[in-house]
Amino acid sequence: MADVLPLVEARLCTALGEPDARAAITFLGTDRIEVLRFRGEDQEGPLVRYATLGMSAHPMTDPTALVADPVKGSRAELVLSVRQGRADTDKVLRPLAVLAASPQVEGVVVAPGASLDLGEPLWPGAGFTSVLVAEPGGLVEDLELDEPLDPVRFLPLLPMTPNEAAYKRVHGAQALQERWLTHGTDLRDPLRRSVPLD
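Be aware that the sequence shown starts at 5, since it is given in our numbering, and climbs by one per residue.
Treat the hints as calculated values from the structure; they're not laboratory data. For clarity, every value in this text was computed on a predicted model and none was experimentally measured. A few of these clues could be false.
[What the hints assert, rightly or not] What follows is a list of derived Cβ distance ranges for each label pair:
1) Gly188 <-> Asp35: 20 to 30 Å
2) Leu201 <-> Pro10: 22 to 32 Å
3) Leu195 <-> Ala118: 19 to 29 Å
4) Pro166 <-> Asp92: 18 to 28 Å
5) Gly44 <-> Glu139: 16 to 26 Å
6) Pro200 <-> Ala28: 22 to 32 Å
7) Thr18 <-> Asp202: 36 to 46 Å
8) His187 <-> Lys76: 34 to 44 Å
9) Asp94 <-> Pro10: 18 to 28 Å
10) Arg90 <-> Glu139: 18 to 28 Å
Just so you know, even glycine gets a beta-carbon here, dropped at the ideal spot from N, CA and C.
Let's have the full structure, built from the sequences with the hints guiding it.
Listed below in structure tokens is the structure:
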């Protein structure tokens, strides 16, 4: 079975350019997770993008399955984009690795619409303690693998304030995203406040 991680890294570099930094983190009983940092920009200015590398080495398996299938199952990596220079966002490397290791550690399947809660700020002073997993395909295209392997999907993470996370639990991901859209929320602003929820 071919190692998928070199292919995943090549896809990230094709979409985002060469990483200017990387960190490797290993948790007890798990494979190593790397977090790569890329520089980029949009219409509003410079961005920093953080992408995990290692989560897709194994398929995510349904925690209710009696036996984990070593081949079949969804594969993903996580991508977080934030405005550069407004906060000490490089401290997000370990929290991102924690989230990327969660399928191995906790047996969760990370999919669009899910909430991932860290229970602590994403970086020092951040108003966000959780993220919403968004739909893939916009920034980094899915990476098709040889059959019978599922493709690797690159899932964008949208930071949520505790109030937004609570709203999402009650009303669903779609309702929260509509709030963000209605209020023109810049989801890449590391200093943004919670969207009005009343």
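Would you list, in rising numerical order, the hints stated earlier that this structure does not obey?
-> Checked against the structure, the hints that fail are numbers 1, 2 and 6, while the rest are satisfied.
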